[in-house]
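Engineer: Below, each chain spelled out in residue letters.
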Amino acid sequence: MSGRTRPQRWRRRAAAWVALSVALGACGEDEPKAAATEVLPPAQEVRNFAPGPIAMRRLTRGQYVASLRGVFGQDLKVLPPTEVDVAMEGLLTVGAKVASVTPAGMEGYLLSARQVAGTVLEADRRDQVVPCTPKDPKSADDACAKAFVQAVGPLLLRRALHPDETPTLVQRARTATEKLGDFWAGLEAVLIGWLISPDFLFIQERSAADTAGTAGVALSPESLASRLSYFFWGRGPDAALLAAAADGSLATDAGYKAQVVRLIADAPSLERGVRALFSDLLSLDKLASVNKDNKLYPAFTAAAIEDAREQTLRTIVDHLLVRRADYRDLFTTRKTFMTRNLGPIYDVPVAKDWSPYEFPADGARAGLLSQVSFLALNARAVRSSPVLRGVFVLDRLLCTPIPPPPPDVSFDAVATTSNNAPTARERLAVHRVNPSCNGCHKVMDNIGLALENFDAAGRFRTHEAGHAIDTSGDLMGAAYGDVRGFYKVLHDAPNLAKCMVKKLFMHSVGREYTGAEVELVNALNADFAKSGFDFVALMREIALSHGFRATEGPVLRDDKEVRP
Amino acid sequence: MTQHAASLLFALCLLSTCTLGCIAEGPDAAPEVDAGPWMGPASPTTLDFLVTSMSFAVPEGIQASSKTVANPCGVKKGTDNTLYEPLVLDGLKIDGFDLDGTDTQGDGICPHTDYVSPSGTKGVDYGFLHVMDMIRPVRPGQTVEVVLKSAPAQGLMRIGLRLKGVDDLLEDDDVSVQIVTTAETPLLGADGQILAGSSVAVDPDPAFHSTLPGRIEGGVLHAGPGDVTMGKINLLVATDRVIAFKNVRIRAALKARPTGGYEADAIIAGWWERESMSQAIGKAILAIGANQGELQCVLDKYADHSLDGKTCNAMSTILRAKAVSGFITGLPDGAGEP
Amino acid sequence: MSTRWSRRRFLRGLVGGAAVTVGLPLFDALFDDNGELLAAEGKAPARFGTWFWGCGMNPQRWVPTKDGAGYDLPPELAMGLEGLSNKVSVLTGFDTPLNGRNNFPHYSPLMVTLTGDSPLSDHHIPRTTFDQEIAAVIGSESRFQSLDVHAEGWGQSWSAAGPGAPMPTMGSPLKFYQRVFGEGFQIGGGDFKPDPKVMVRKSVLSAVLEDSKRLKKELGSHDRHRLDQYFTAVRQLEKQLDLLLTEPPDLAACSKPGSTSKGKPNGLVTQVVANHKLLVDLMVLALACDQTRVFNITLWRGLSDVRYPGEQVGYHRLTHDEAVDAKLGYQPLSQRFIKQAMGAWRHLLTSLDGIQEGDGTLLDHVAVLAHSSTEFPKEHGTQNIPLMLAGSAAGKFKPGQHIRGKASPNSRVILTLQQAMGVPVSSWGVGDNETSSPVTALLA
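Residue numbers (the numbering used here), protein chains in the order written: chain Y, 1 to 564; chain B, 1 to 338; chain X, 1 to 444.
It is worth saying that the hints were derived from the structure and are not from the lab.
Residues from chain Y that face chain B, not an exhaustive set, calculated with beta carbons under 10 Å:
id: 1; residue: 300
id: 2; residue: 302
id: 3; residue: 340
id: 4; residue: 341
id: 5; residue: 347
id: 6; residue: 351
id: 7; residue: 455
id: 8; residue: 460
Cβ coordinates follow ideal geometry from the N, Cα and C atoms, glycine included.
Let's have the full structure, built from the sequences with the hints guiding it.
Structural biologist: This is how it looks when you write it as structure tokens:
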């Protein structure tokens, strides 16, 4: 795989893409001029971008749990909040910018806060977070309470405490202690207060007063610390990052780079961050609520579902972080990991859980799209769904969202044909023939039909209801004869890598791609290609870009909003 | 439409075009496992099966006598054995094998009854049916075959089968059949049944690995003769027992399952030696109120093979077993090993 | 404006030496002839709820031919309302115009019904849903501002406190039981001692509100409304804790249910209906015990996969796939689901009607809007979305009528409901849904 020949191929594919986009009209990619011929500057030098507005992001459920574990230890049991996460652009971390709090959700936050505070301050755990022992466990001890407040507060709130904050909190601990006759109950009250406060539940961005040197306004060092840590680690900043924000080093180029290097070097934390991203992008958390017919899919057990999620994440971590392999190969790699619970679905022997497994070269399985997590999630309870699978691939992996059916569409056409169709291909034939459907359905159904070798639970099959399944088709003009050919075509689609760049950028800054960052994204994409599609390098380049570090403001001066 | 016919129709539907008409008539339960011959791609050369249920054969129509029948082995101590359930054996059709040729009397032959199979095969040997007389009612309302049914799923009976050298699942005149004890219990599926495709490690003790010659005719596996020893069997209160049969024959219908993999429905018959039987079930029968004396009495009366002077030292026994395809790991020479 | 019926007012009444003897069940006392003060101001509170079932009905088997009171019951309507039609109004011919936007099947009409505007995508929430507008007015005196359950076990409600604030919902009867009748549930008539731990917890909430004032100043205008939603939520929680510190009234209709089952929905229609029954039974007791005055119940989604055992096609797909039987005039297999849905609706109505509360039944003191995602589901239409309004909300509505919308938007119905329940709105809806013309025939 020489880097030289690839751009050639890209351009051919890109041309096919353009042609198809025109044909599809509303269905195609809005901005297909991707791999253009002009020489792009490295992403770090791009200054022509539109930084997004300052945001207040509600922690997603995953970020909530990860943030607490980051502070109190990875073994901490956390009752997840009940508030519903909102997706935008297929990412909950982007939807977080509009997510709000409901009364019922607040009730859930309080329950979680009580459970976490109770657990953290249990007798056998409290030494990990309270740096002192109270003089008398039944009465207030301001000095010890103060030590606790100052040690834990900044880590939870992701900022230095305000000058008047510490005494207020120490007093709060004292009041509660006196009411309940228990020193620890006083700390618990403080902890619960933090966990339900908007300073914890919302990642609040601030702009720095000093705006020189970049498009837009620089984020304040504390905001930048949060942005960095949620991007790389999926959790709030640790003490070192907060210290770098406080002592000004994060605001210097060298200090900033040093932190980026440090965040990447911490392999377990980086792994958690990358897992969080892909859980979100692939909606893996939804797997837990997937129901399949017990009798038709007995192998789809609760344990198998859990392992399917983990299998995908392990494959990703191994591929992108351990082996630092080409991102696009994630969709063709035959390497994965297998467990006893998954064996019956894949129909393979498994001697030991999580042993590395390589699918045979002549089989139908390769890459993430042949894994049970994706296949089962994007299917119905009783049958596979080419439409769901196709839409998912287009939306999440190719950044080609499908517009909804037109308002005047007649569903009658679909309804009357399906009854006696042997396989999904025939059932969906109307989609691809009827002019009001075929613009979009031809693309998405084709993708889904290529994956029809896998049933609703992700088991391999060659026949549906006794009829041979035909998995040939084409993706954006590139034809394939079977599902293995499809993986290859997807691998070579120019938008596969670029879509990852876009999604990762959106995830990193917590807002949607508007098109105003086109130059930045193109430059990042070129850097990504240059690195041999090294995912970690892409993360680094995003973090080092000006676009990541900036906001369009406003700046607050004397409690007034000032537009820069 | 009868339930059975509905199931059959439904199963057929799974294989052909299933349309709403079928659904309208479909039974409440999931499709019966009756999918007809296998229709996947090329047959594997090695195919493992995991036993999902195994018990002593119970002929169709068997029933306890309505009359009070004198206990033929009434070596009671004090009270009557209320669980003793004399079975009416006359006229029963029993599917099994003629292990000894058709003779029932004569020199060197232990006198015994030969049965006829439902398809008309004569000379079927099943001496153990007389032991069933004694052991069948395990608890009031529960017979031994019902109790044993869940034993494999509970890990109380862990038996695997490996077919090697399979070129064609429908017709193959030379396959080898390994019967092994496994060290693990297969996974249970979302439907509560042992899951096809489960992997289990083999028990390393070579004493519990037996091999029989075999062939496949019309999708039916025929194996034997040969000796088979199955270990680590738990029967009621008796743990870690061994069941050793001589001159074993196996007949097993192989089928594809509509929910994936294959299944086998097997009849296993052989001679169970007196010593081995006493060791295996001697303790278990205590739990149901019988005792060794009664067992020895029944053996004295009905053992039907291995005449040694005046004593017959083995009894023909038939097991019925069902199995699903899976994977046995750790067997030497294992094709398909990870 | 609306009738207040707060616990605190009861207690004030008691302390003030009203003509009620302590120990007499308060609720019964309310309707006693001699309780002058309470009788004057205390009626059973008006409660409000919604009940949603996906995939509509067959209009020719559902829409009554007679208008007004004493309407007839075509077969599918009869499945739900036989014997109850005098307590339920049926609304037909109301549309959900999409303001020229795309139709996200089963979702767009639902959002128009709930928000008066049409969504931009299949998960976009255009505005606060009207049940939450009502909850903001009548829900603040009860322990829960609103309660939400989903018999299919879905994690998210249709109800939303705003565009980024979809309400959580519950599908597990056991979890729902624990939330309502577990810790924090108080029943009147016993010994009452406020829990100092709850007092501390409440003071924590107050302190958080206090601390957050600074944030309000720091944050620009851009996110202020979300912060306001946060404050509203915390204040509601504060009230909830307040109630825990107050002696609960002894409500005659209230009894604590025994525990319930886990009931994990597995997608089978029988199981979802059974789950719905468990959830409804708990919800009815939650209302009787005044734990909430606003509720939402979902039987199943419009895109539901709910199916019969052994069948391979779920309901939604079936409504498209199945041909209309020429002889019968409807889809016989899909029909079974409509029957199940109407049976489930009937269960809610009879359960509400089975609880005596003073001068009437719980059903008389509640208004429940039943609504669906389509009319005839095979076609994903946005017109003639079926609506039913059960109960009279303690005299606010005149039930038992068939009212035709004549192709006017159903936002008119929603406006009527809000106004009757005390929401200060004079118009509702956006674009083609905007209306200031309530359906006055609904009102008492």
